[in-house]
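Participant: Just so you know, the protein sequences line up as chains B and C, in that order. Residues in the first sequence are numbered from 1 upward in steps of one, following the working numbering. Residues in the second sequence are numbered from 335 upward in steps of one, following the working numbering.
To be clear, the hints were calculated from the coordinates, so they are not data collected in a lab. One should not assume that every hint holds.
As the list claims (entries may be wrong) - Here are the simulated lysine-lysine pairs, DSS-like style, with alpha carbons at most 25 Å apart:
#, chain 1, residue 1, chain 2, residue 2
1, B, K161, C, K399
2, C, K592, C, K608
3, B, K214, C, K581
4, B, K147, C, K608
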Amino acid sequence: MADSTSTTANPCGDVLLDVKGLKKHYPIKKGFLKRIVGYVKAVDGVDFTIHRGETFGLVGESGCGKTTIGKSILRLTDATGGQILFDGKDILKLNKEELRQERRHMQIIFQDPYGSLNPRMTVGELIGEPMIKHRTATGKENERRVKELMEICDLNPRHNKRYPHEFSGGQRQRVGVARALSLNPKLIVCDEPVSALDVSIQSQILNLLEDLQKQFGIAFLFIAHGMAVVKHVSSRVGVMYLGKIVEVAKTDFIFDNCHHPYTRALMSAIPIPEVTGKRERTILQGEVPNPLNPPSGCRFHPRCPMVMDICRKQEPELKGITPDHSVACHLTSC
Amino acid sequence: MKEKLIEIKGLKTEFTIEGVPRRIIDDISFEIYRGEVLGVVGESGSGKSVTAKSILRLIPSPPGKITGGEILFDGKDILQMDMDNLMKIRGNAISMIFQEPMSSLNPVFTCGDQIKEGVRLHQNMDNKAARQKAIELLKMVGIPMPEQRIDSYPHELSGGMRQRIMIAMALSCSPQLLIADEPTTALDPTIQAQILDLIRKVQKEIGMSVMYITHDLGVVAETCDRVMVMYAGQIVEKADVAELFTKPGHPYTQGLLKAIPRLNTKRERLYVIKGMVPHFADMPVGCSFHPRCPYADARCVEQKPTLFAIKEGHMAACWKIQGTAERE
Chain B
1 MADSTSTTAN
11 PCGDVLLDVK
21 GLKKHYPIKK
31 GFLKRIVGYV
41 KAVDGVDFTI
51 HRGETFGLVG
61 ESGCGKTTIG
71 KSILRLTDAT
81 GGQILFDGKD
91 ILKLNKEELR
101 QERRHMQIIF
111 QDPYGSLNPR
121 MTVGELIGEP
131 MIKHRTATGK
141 ENERRVKELM
151 EICDLNPRHN
161 KRYPHEFSGG
171 QRQRVGVARA
181 LSLNPKLIVC
191 DEPVSALDVS
201 IQSQILNLLE
211 DLQKQFGIAF
221 LFIAHGMAVV
231 KHVSSRVGVM
241 YLGKIVEVAK
251 TDFIFDNCHH
261 PYTRALMSAI
271 PIPEVTGKRE
281 RTILQGEVPN
291 PLNPPSGCRF
301 HPRCPMVMDI
311 CRKQEPELKG
321 ITPDHSVACH
331 LTSC
Chain C
335 MKEKLIEIKG
345 LKTEFTIEGV
355 PRRIIDDISF
365 EIYRGEVLGV
375 VGESGSGKSV
385 TAKSILRLIP
395 SPPGKITGGE
405 ILFDGKDILQ
415 MDMDNLMKIR
425 GNAISMIFQE
435 PMSSLNPVFT
445 CGDQIKEGVR
455 LHQNMDNKAA
465 RQKAIELLKM
475 VGIPMPEQRI
485 DSYPHELSGG
495 MRQRIMIAMA
505 LSCSPQLLIA
515 DEPTTALDPT
525 IQAQILDLIR
535 KVQKEIGMSV
545 MYITHDLGVV
555 AETCDRVMVM
565 YAGQIVEKAD
575 VAELFTKPGH
585 PYTQGLLKAI
595 PRLNTKRERL
605 YVIKGMVPHF
615 ADMPVGCSFH
625 PRCPYADARC
635 VEQKPTLFAI
645 KEGHMAACWK
655 IQGTAERE
């Protein structure tokens with residue numbers, strides 16, 4: 001959402017979130033003694049950074065670990081290894097009270113606007129709750145803030161006594177956004193915020209997020225599987241495959257000049273709503289492998305149309321080909 | 335001239351919700367020609383799926399009821415048929431695939447059993463021949479090791495594989511019409527591309543017609559020959575794919591096309607269709623799109639527009655378009 005000029009103006013020193021070697025392994029327990037028989041490596045060594053006020057998009061297919069990354073950053077799930085530096089502090093090392101303080105600055109918006117709002121609370125209570133928990137606004141002040149937030153998010157402030165079921169999907173998502181905004185966060189993790197919405201409602205929410213970013217300078221980690229949506233909102237994009245980031249670049253680079261064969265296939269798989277001429281398509285064979293038992297070497301090699309011998313043996317590292325563009329593929333590194 | 339395979343005339347479907355009958359499908363007429371892919375687009379609640387289910391009389395009754403219209407298939411009205419004749423058409427001449435491959439397969443039978451069921455019923459095959467046929471079908475839809483996979487249960491397969499099984503079942507009796515209700519919406523992009531490719535391939539191979547329901551305009555552009563756009567239980571626009579995407583007539587279609595983020599254009603602010611799809615209990619009078627339409631005037635608020643031919647093969651239900659055309 002931050003246009004490209006503002007990101008180039010951002011010096012590299014202005015990093016808000018720096019994720020280094022993040023790992024999340026879920027143990028698989030079997031039998032009477034619940035012995036650990038293996039690990040699902042949902043996220044297996046991921047590095048990326050988000051600058052202040054920028055939108056970093058994370059794309060990939062289901063099961064590639066995008067949501068797990070989002071949850072690890074807020075410590076809604078405990079990471080197995082790595083570092084998450086938020087404003088210079090390692091989130092993974094904070095104690096309970098420090099974490100509570102830090103969480104004020106980071107919020108999350110979920111995919112499902114139906115499941116993520118408590119049906120027994122009014123919309124006013126839902127939006128006001130974080131401010132009460134963090135004691136930033138209580139009583140009359142809280143009420144005033146709630147109404148202000150509802151107005152910012154294009155909700156009718158007079159509806160603050162209504163319950164979530166009285167709202168449509170798009171409006172509920174606005175409630176989720178208002179709630180996330182209530183503590184003036186520096187970072188909002190948007191986990192597929194528009195995937196469950198209809199086309200005409202999608203554009204309303206995307207524009208709202210764009211406005212909020214301009215107005216309050218919030219950074220977004222925007223997780224989605226819709227490539228077009230990610231391209232529209234992000235200034236930089238990371239493409240994930242099976243727990244790893246395979247390519248990171250500025251949005252324009254990745255869409256015009258992607259290097260990783262997976263990114264290319266993902267891009268060509270997206271149907272384009274236009275009828276001018278047929279595109280050349282790369283249709284991938286097979287499916288995303290089970291993360292319990294990922295393939296040797298490069299994780300993408302069994303589906304890769306350009307697989308080489310080295311891909312089966314050695315895992316490629318994420319290497320910069322230009323300062324703004326990194327790829328994990330043997331094709332580009334040799 | 336192309337030959338009509340099925341013709342729907344003035345279909346009306348009602349659902350009784352909280353004791354009040356509500357018209358969900360409001361007098362729609364369209365036709366599907368032999369060998370074409372007709373796309374049906376619209377947002378949730380626009381009546382796409384109810385239309386599809388009405389064609390096969392799969393509307394649960396109560397609360398649903400088809401209250402009027404004709405569905406002429408091969409000259410016979412499906413709505414007037416007795417159960418025996420209807421059963422001969424369902425799954426045989428007309429078959430359907432659904433959005434959710436998990437909940438539309440029976441978890442306690444193997445995939446093979448479920449494919450064989452249709453073949454044995456409609457084609458009088460014995461078990462052995464049916465099994466052979468099922469293996470062939472699995473091969474056709476691109477399932478690796480069909481001899482082994484035929485004995486798997488649905489939970490042992492991935493979403494993409496399950497959708498292939500559904501397609502194999504739907505194709506088992508070489509239908510003349512395949513109704514595909516959002517068959518790829520629940521799938522990942524790379525798997526969606528595989529399934530779309532498969533549907534196109536078999537459609538050409540056996541020359542069937544497809545009614546393809548989706549909310550994804552990208553899928554429509556790449557798969558369909560003709561499109562109809564639905565809004566609030568009505569058809570608001572019908573056209574050839576190329577025509578619809580280059581010269582959309584109805585303000586709703588225009589809005590939809592402008593509201594989607596594109597992969598291949600520079601970033602700019604998205605167009606917004608204000609408001610939301612009307613609730614069935616609170617349908618606006620006149621044109622059902624008028625509260626959201628930037629061009630609405632007094633006539634749109636009072637009178638309901640009907641489909642008007644802008645040119646041959648392109649129709650839209652909009653007073654503004656009709657007015658301009660009539661003035662010229």
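Participant: Now tell me, hint by hint, if it's right for this structure.
Facilitator: Hints versus structure:
1. B:K161 <-> C:K399: Measuring from Cα to Cα gives roughly 37 Å; hence the hint is violated.
2. C:K592 <-> C:K608: Given that 25 Å is the threshold and the Cα spacing comes to 13 Å, the pair holds.
3. B:K214 <-> C:K581: violated, 34 Å
4. B:K147 <-> C:K608: holds, 22 Å
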